[in-house]
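A.B. asks: Place chain S on chain Z using the hints.
Top line first, the protein sequences correspond to chains Z and S.
Basically my numbering = 1-based index in the first sequence + 770.
Basically my numbering = 1-based index in the second sequence + 1226.
Derived by calculation from the structure, the hints in this document are not laboratory data.
Please note that the accuracy of each hint is not assured.
[Claimed, not checked] Below, in silico cross-link-like pairs of lysine-lysine (DSSO-like), each with a Cα-Cα straight-line distance of 27 Å or less: (1) K1467(S) to K999(Z); (2) K1381(S) to K942(Z); (3) K923(Z) to K1493(S); (4) K1264(S) to K1381(S); (5) K1493(S) to K999(Z); (6) K1370(S) to K1422(S); (7) K1554(S) to K1370(S); (8) K1455(S) to K1422(S); (9) K1358(S) to K1286(S); (10) K1309(S) to K1264(S); (11) K1554(S) to K1376(S); (12) K1467(S) to K942(Z); (13) K1422(S) to K923(Z); (14) K1352(S) to K1554(S); (15) K923(Z) to K1484(S); (16) K999(Z) to K923(Z); (17) K1376(S) to K1286(S); (18) K1309(S) to K923(Z); (19) K1467(S) to K1493(S); (20) K942(Z) to K1428(S); (21) K1376(S) to K1352(S); (22) K1541(S) to K1563(S); (23) K1467(S) to K1484(S); (24) K1467(S) to K923(Z); (25) K1370(S) to K1381(S); (26) K923(Z) to K1264(S); (27) K999(Z) to K1487(S); (28) K1264(S) to K1376(S); (29) K1381(S) to K1286(S).
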Amino acid sequence: MSAVIIYGLGLLYSIFVWRRGFQYNNWTSYTLISIAFVMHTIALTSRGFSLQQCPVNNLYEATTFILWTISLSSLICGLWPRLRYIGVFTAPLLFSVGVFAMMPGLDPAYGDEPNFINGWSSLHAALIMLGYGAFGLSAITGSMFLTQDRNLKFHRASAIFSVLPSIQRLEKLITRSLMLGLILLTAGLTIGAIFLDLPDGVSFWNDSKVIWSLLVLGFYLTLLIAHIKFDQRGRRYAWMAIIIFGFVIFTFWGTNLLSSIHNPK
Amino acid sequence: MPVTITGLSHHSSPVELRERFAFTEAQIVEALYQIRKKGIAEEAMILSTCNRVEIYAVSKNNNKSFSQELSQFLCEFHNIREKPGDALYAFNDSHSIDHLFRVSCGIDSMVLGETEILGQLKQSYKLALEQKATGPILNRIFQKAFNVAKLVRTKTQIQRGSISVSSVAVELAESIFDSLESQQVLVIGAGDTSEKAARAIKSRGASSILVSNRSHEKAMSLASELQGKAINFDTWEQEFKTIDIIISSTSAPHYVLKRDKLQTMLKQRGNSPLLIIDIAVPRDIDPECNQVENVYVYNIDDLQTIASQYLNQRKADLANCERLIIKKRDEILIDLKPYHRQPSLILNKQQTTS
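The following block holds chain S by itself, in its conformation from the complex:
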């Protein structure tokens, strides 16, 4: 099989090493040019993300020496003199296809099933295509990889759900509200997690965010970052009738909101649904508030439980993904058989196209 992958990822190396091998877009263009100019490979594509740097290449040469050549090129290009040892890996034959498909589906990612990698892979492939660095083999394999990623997304649970607390908060909001655009969010306490949750909700369209904190300066600073409005901590209750989502993370040692107080305030807001995300420890919201009709209270444990259930669901579906990948790998291997038998075909095809 004429495809080889050489590189390093979060599995094999720490960030200190990965960052030394990372490529900028301009460097990718230059590296692709050099690979072809030096005759190292007929086809090449470089993927460089925060978690991996990989060269996907096709050559008529012997696989082992080819992967060594690619490793050497990687080190030389980045002026890395010391030997990276086991940090650099290489995949040949059918393993290279397996690896690419696993990467495209997010199975090889640090966050299992994440979808960002597919976008990065598409972007890198597009860049290589623009540089005319790809050919018939890489084109086929990458198109297949994108198809496999789509298939895995639709046929399995590997990419479903949120596995971070802030994205679970967003999904909860979307299970309650028709659209987040018209919802008013109140952030009580300007902590890190509440900021992340507020940002996540804002990224889904929430346009109106109020921030209230004991230190008004902190509230103003977070409000300006979220393009919201800071309100005085003692007066947040006055805004209550317009609020749909509360994200609370104060360091108060007692409940900030109790059931009887909530019930009184709810009357002002026409019984419309209210989502309360309580990420404070100790908790800010009396758990009894969840008993009130149209009020949904989630604390940090609830959110983490949902996130871990999602993760377990993804892990449970890994075997299905692997089965799909093997099936699709076997299909592409059959497609690529002519190239395997006649390496010269690659050169001939390229010469014809150029």
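Just chain Z, with the same shape it has in the complex:
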């Protein structure tokens, strides 16, 4: 809760920076995200210890784990001075999705035993969540790209006043986070398909979450192939990274609730 409040403060600061321009290489946004990240980590760790497993067993946990991954990766990227403002782009996402994750019903009380089956299940879920975190990072760098591109197109002095990275570097970052996300998602799905047992009478191919995950994998793979093989670059590429991640965020909960494997009655 306190982490989300600080992400909220980060959001307020983001509005201020957007209005003023990204001119000063300051640490305010980075510090706010760092403080929230520490709280976020404490909350996740304590839940993990209480469950003796990676805390990715319901929608609340899965969402907060994705947010934690995004927060961590933006802090790592922010160590590079020209990416220090990444927090300004990350905070709105962390706050809005964080508020959504705290909605009642997403975190039902566990019974005597949590509903995960074994270590593979945890690894499967954790890898997939890390993958979505990487996709989140690609959307964030995509929005940084669009900001810089717009400033350059409209000949705004802020394009060169700002301490944002070059658009070529941002494009590379989008690609690298997409690749990382794809690797993690593929690994997570593969582990799920090979090592996890299905309940009787349930098939992978009828499960909404599995179909949805493959669809997401297909979208990102198509985007990456279009970029590498067919020169889809620039604004269109950045927009697609944002749109696909938007699709992931908006449909994640719904498909999970409809899934007989991931949300057993």
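C.D. replies: Frame of chain Z; chain S shown alone:
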């Protein structure tokens, strides 16, 4: 306060006079030696740049007569018989510290906020230090001046951004490309401004420069100066697929590059970003080209607007710089109080060190 500055700068004198007072490095060494030998000052440092010549000196003498002595020395050293009048100025007391700090921060420079002066100041100080011409007071003041310059650079906007068209072009290129080293530059039209812009981009690492001009000889001459390659004006389009930055300044009365032609050519180059700097008047590049994805077109007005915005930003931050300078000046004045009360301390310290 025992520090006095005497000299002349672009504020007080034209270049014709400044050049007569200018020192070479060897002359600085000689002048520093003479100042001490003649007993004019206990500590001295000489700064000689294209925009200013100043002697920074410390003496136990009365300030007014001391600055007159320094002015006289300056004229005598350069064999200048006529009186320079108001061209020579002198700063005493706390004003001398203010002046030094302003110089180190580039506030007193012809180009507001330029950073070259700090390097020149450091160089001159190093030379004086090597000649053992400085002492406890100048050492403290100069170290403080370098700190103040650093503080001003980090805390204010006075040294940020480019205020010349060619350096704005470089900054634009750096906002688009990851590194300029691997970028191919095409210069169309061998004019003065395009040459400056190409040189600026080359100074940041661009290794491959092509030059195309209606007169092939001119193209070859500029290409050899830029260590690039001259290409025929009629065939520059064939090189287009490898080009990342175009600097255009032909005297053509019509557009050299139109949107439909650009879109066709872009297909050859995998939609990678393209920066076009159009410094020609009338313009060489159809402004519609800026609408094309991954293409960024800047004309001379765009560049000048950015440069003047930078300058305004610097001017707006002048008050902040002055506040910082006054704060730091007051600190150093407190540090120097013992020397102010006991001028003999300077001599004693010097005798001990020598």
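A.B. asks: For each hint, tell me whether it holds in the structure or not.
C.D. replies: Hints versus structure:
1. With a C-alpha separation of about 17 Å, the suggested pair K1467(S) and K999(Z) falls inside the 27 Å cut-off, and the hint holds.
2. Distance hint between K1381(S) and K942(Z) is unfulfilled; the C-alpha atoms sit about 32 Å from each other, more than 27 Å.
3. Distance check on the hinted pair: K923(Z) and K1493(S) sit about 20 Å apart at the alpha-carbon level, within 27 Å; holds.
4. A C-alpha spacing of about 43 Å is found between K1264(S) and K1381(S), which places the hinted pair above 27 Å, so the restraint is violated.
5. The suggested pairing of K1493(S) with K999(Z) holds, with an alpha-carbon distance near 14 Å, which does not exceed 27 Å.
6. A C-alpha spacing of about 36 Å is found between K1370(S) and K1422(S), which places the hinted pair above 27 Å, so the restraint is violated.
7. The hinted pair formed by K1554(S) and K1370(S) meets the criterion: a straight-line CA distance of about 8 Å does not exceed 27 Å.
8. A distance of roughly 17 Å separates the Cα atoms of K1455(S) and K1422(S); the hinted pair therefore holds under the 27 Å criterion.
9. As the CA atoms of K1358(S) and K1286(S) are separated by approximately 18 Å, the hinted pair is consistent with the 27 Å bound.
10. At roughly 22 Å between alpha-carbon atoms, K1309(S) and K1264(S) fall within 27 Å of each other, so this suggested pair holds.
11. Annotation: proposed proximity of K1554(S) to K1376(S) holds, straight-line Cα distance about 12 Å (limit 27 Å).
12. This hinted pair checks out: K1467(S) and K942(Z) have alpha carbons roughly 21 Å apart, not beyond 27 Å.
13. Between K1422(S) and K923(Z), the direct Cα distance comes to roughly 24 Å. Compliance with the 27 Å bound is thereby established for this hinted pair.
14. In summary, the hint linking K1352(S) to K1554(S) is supported, as the alpha carbons are separated by about 22 Å, within the 27 Å threshold.
15. Straight-line distance between C-alpha atoms of K923(Z) and K1484(S) comes to about 17 Å, which keeps the hinted pair within the 27 Å bound.
16. Distance restraint check for K999(Z) and K923(Z): the Cα-Cα separation of roughly 26 Å lies within the 27 Å cut-off, and the hinted pair is therefore satisfied.
17. Straight-line distance between C-alpha atoms of K1376(S) and K1286(S) comes to about 31 Å, which puts the hinted pair past the 27 Å bound.
18. A threshold of 27 Å between alpha carbons decides the hint, and for K1309(S) with K923(Z) the separation of about 57 Å lies outside it, so the pair is violated.
19. The straight-line distance between the Cα atoms of K1467(S) and K1493(S) is roughly 8 Å, inside the 27 Å bound, and the hint therefore holds.
20. Among the hinted pairs, K942(Z) with K1428(S) is consistent with the structure: their alpha-carbon atoms are about 24 Å apart, no more than 27 Å.
21. Taking the CA atoms of K1376(S) and K1352(S), the gap is about 18 Å. The hint holds against a cut of 27 Å.
22. A hinted pair counts as satisfied when its Cα atoms are at most 27 Å apart, and K1541(S) with K1563(S) does not qualify at roughly 33 Å.
23. Distance check on the hinted pair: K1467(S) and K1484(S) sit about 16 Å apart at the alpha-carbon level, within 27 Å; holds.
24. Proposed proximity of K1467(S) and K923(Z) is supported: the alpha carbons are some 21 Å apart, at most 27 Å.
25. The hinted pair formed by K1370(S) and K1381(S) meets the criterion: a straight-line CA distance of about 16 Å does not exceed 27 Å.
26. With a C-alpha separation of about 64 Å, the suggested pair K923(Z) and K1264(S) falls outside the 27 Å cut-off, and the hint is violated.
27. Using a Cα cut-off of 27 Å, the hinted pair K999(Z) and K1487(S) holds, with the two alpha carbons roughly 24 Å apart.
28. Of the pairs offered as hints, the one joining K1264(S) and K1376(S) is violated, with about 36 Å between alpha carbons and a cut-off of 27 Å exceeded.
29. For the given pair, K1381(S) sits about 36 Å from K1286(S) by alpha-carbon distance, which is inconsistent with the 27 Å threshold.
Going through the hint list in order, the structure does not satisfy hints 2, 4, 6, 17, 18, 22, 26, 28, 29.
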